[in-house]
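Enquirer: Here's the letter readout for the chains.
There are 2 protein chains.
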Amino acid sequence: MSDITLYFDLLSQPSRAVYLFLKAAKIPFKENNMDLMKEEHKKPEYLQINPAGQVPAVKVGDFCLTESAAILKYLASLKGKKDWNGKTVEYEARIDQYLSWQQSGMRKPCIEVFIPTLINKITFGLFIQKNIDPKQAEDAKKALEVAICQFEDRYLKSLTDKKTKIKFIGGSHISVADILAYCELYQLSAVGKEGFYKKSPAVKQWMADVEKEIENGGGKGTLEKANKRLCEVKEKFAAADGAKK
Amino acid sequence: MSDITLYFDLLSQPSRAVYLFLKAAKIPFKENNMDLMKEEHKKPEYLQINPAGQVPAVKVGDFCLTESAAILKYLASLKGKKDWNGKTVEYEARIDQYLSWQQSGMRKPCIEVFIPTLINKITFGLFIQKNIDPKQAEDAKKALEVAICQFEDRYLKSLTDKKTKIKFIGGSHISVADILAYCELYQLSAVGKEGFYKKSPAVKQWMADVEKEIENGGGKGTLEKANKRLCEVKEKFAAADGAKK
Chain F
1 MSDITLYFDL LSQPSRAVYL FLKAAKIPFK ENNMDLMKEE HKKPEYLQIN
51 PAGQVPAVKV GDFCLTESAA ILKYLASLKG KKDWNGKTVE YEARIDQYLS
101 WQQSGMRKPC IEVFIPTLIN KITFGLFIQK NIDPKQAEDA KKALEVAICQ
151 FEDRYLKSLT DKKTKIKFIG GSHISVADIL AYCELYQLSA VGKEGFYKKS
201 PAVKQWMADV EKEIENGGGK GTLEKANKRL CEVKEKFAAA DGAKK
Chain X
1001 MSDITLYFDL LSQPSRAVYL FLKAAKIPFK ENNMDLMKEE HKKPEYLQIN
1051 PAGQVPAVKV GDFCLTESAA ILKYLASLKG KKDWNGKTVE YEARIDQYLS
1101 WQQSGMRKPC IEVFIPTLIN KITFGLFIQK NIDPKQAEDA KKALEVAICQ
1151 FEDRYLKSLT DKKTKIKFIG GSHISVADIL AYCELYQLSA VGKEGFYKKS
1201 PAVKQWMADV EKEIENGGGK GTLEKANKRL CEVKEKFAAA DGAKK
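Protein chains in written order, with my numbering: chain F, 1 to 245; chain X, 1001 to 1245.
These are computed hints drawn from the structure, not numbers from a lab.
Careful, some of the hints might be misleading.
To be verified - Partner residues are not named here, just some residues of chain X that face chain F (Cβ under 8 Å, in silico):
#1 Asn1032
#2 Asn1033
#3 Tyr1046
#4 Leu1047
#5 Gly1053
#6 Gln1054
#7 Glu1067
#8 Ala1069
#9 Lys1073
#10 Leu1078
#11 Gly1080
#12 Ala1093
#13 Ser1100
#14 Gln1136
#15 Cys1149
#16 Asp1153
Said to hold, decoys possible - So the derived list for chain F, only partly shown, Cβ under 8 Å to chain X, looks like this:
#17 Phe63
#18 Leu65
#19 Asp96
Stated by the list, open to error - Below, in silico cross-link-like pairs of lysine-lysine (DSS-like), each with a Cα-Cα straight-line distance of 25 Å or less:
#20 Lys1043(X) - Lys42(F)
#21 Lys1157(X) - Lys59(F)
#22 Lys1087(X) - Lys1193(X)
#23 Lys1081(X) - Lys79(F)
#24 Lys157(F) - Lys1087(X)
Beta carbons: idealized from backbone N, C-alpha and C, even for Gly.
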């Protein structure tokens, strides 16, 4: 039996990232589903694991760890999957650079489009429907466009020769940074906003390459399973969107 | 001659963190001062190094790296100062957890107290004096109090026994995370807000321990040199603050 317990809800994009990484890297783990919609992540027993009351978290023996970027790197290192953290010092540095940048550079703009678009149309669990200020929506859209341009320009191009495209964020092979970035962007498709990343051929190609690597490692159907809860959102959103048009 | 060039301005707290780390870890480097107040970080030649136009950045051969957390880890790894990234997989994970959390958990609340407090009293270079909404100031104060409590509770206590204080963020020895956290908090002293961290005996003790380690490694006067530009802010602020009382 595995010594790793993952506390997660596949509704959360960092949870999906850790889940997909473990599958793609063939690392066995015990699943501990935390239903965010039932606020299981705020219960006292879970606050012992993660005092911040957020998912994902992992427990290995007595050791508990939070923050998806740290969890991904730790599990790759613990289980000898070093390539996922980068083959060289420079490769790892480039991954760390992305992991540091993504919080304000990518995660924030993605969330600021995803959540308002969602609640502008539907109520889903704890997300209550609410009309969104069009000015705020326009600002969020512009910020996300900038983020995706920066992502393409700074992370999907070669370090030394800016004209040369590289395959993944760190270079030639997939890393934990790719998985985290993929989950962040893919979430937009649940609210019909996949146009943001599909507009960029480089980003679109990179997403297809990431998907291929995940299914190569985790097996066919890995992505479908990981995105099941997101699909519930997608279906409910699409129905409301269609009815209102 | 060193192969590392650091692009920095000691007015910026992440610049001070990288500078202090290099001094404390006795890693030689070439200094390339970028005067933020003259907007040298927006010049085309620097945008080749860091397209985001921010400091710090490092260049080693052809390899350029941005994002202070990534830079710190990279330089420690490159120069064989592995203890600064954590002696064990778990120690490094705990450092990575802090580095991930700090952006929204610590940096944002510190900045949201520092900048408005500063510009409420003085104009300093590109910071233009402006009256601040008292409600906004009160919210920022509360957020910073919460951040410092979380920092003490989650990062300065033992992982397995929450009652046991540990010496540094990762455990028994100083790491890159301590340097980054120290610079973030210390900056508050320039605008008379050191009360936020001095109120907590654990945080106050930890700051003294970090200072001791820096001076042990970098030599007496290292902190004074690193904080020289911040002292200019402090003096100007104190004069304005005194005049207005």
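Enquirer: Holds or violated: Lys1043(X) and Lys42(F), Cα atoms, limit 25 Å.
Expert: 48 Å, violated
Enquirer: Is the interface hint for Asn1032(X) satisfied, with its Cβ closer than 8 Å to some Cβ of chain F?
Expert: Nearest chain F Cβ about 19 Å off; hint violated.
Enquirer: Closer than 8 Å between Cβ atoms is the bar; does Asp1153(X) clear it against chain F? Give me holds or violated.
Expert: 7 Å, holds
Enquirer: Once the shortest beta carbon distance from Leu1047(X) to chain F is found, is it less than 8 Å?
Expert: This hint is violated: Leu1047(X) lies away from chain F, its Cβ roughly 11 Å from the closest one there, beyond 8 Å.
Enquirer: Given a cut of 8 Å on the nearest C-beta pair, is the interface hint for Glu1067(X) held or broken against chain F?
Expert: Because about 4 Å separates Glu1067(X) from the closest Cβ in chain F, which is inside the 8 Å limit, the hint holds.
Enquirer: Grab the minimum C-beta distance from Asn1033(X) to chain F and call the hint holds if it beats 8 Å, violated otherwise.
Expert: 22 Å, violated
Enquirer: Is the interface hint for Gln1054(X) satisfied, with its Cβ closer than 8 Å to some Cβ of chain F?
Expert: 10 Å, violated
Enquirer: Straight-line Cα separation of Lys1081(X) and Lys79(F) no greater than 25 Å?
Expert: 23 Å, holds
Enquirer: Regarding the hint that Leu1078(X) lies at the interface with chain F, is the smallest CB-CB distance below 8 Å?
Expert: 5 Å, holds
Enquirer: Taking only the CA atoms, is the gap from Lys1157(X) to Lys59(F) under or equal to 25 Å?
Expert: 18 Å, holds
Enquirer: Taking the closest Cβ pair, is Asp96(F) under 8 Å from chain X?
Expert: 4 Å, holds
Enquirer: Please verify that hint: Gly1080(X), Cβ, nearest Cβ of chain F, below 8 Å or not.
Expert: 10 Å, violated
Hint violations for this structure: numbers 1, 2, 3, 4, 5, 6, 11, 14, 15, 20, 22 and 24, all remaining hints satisfied.
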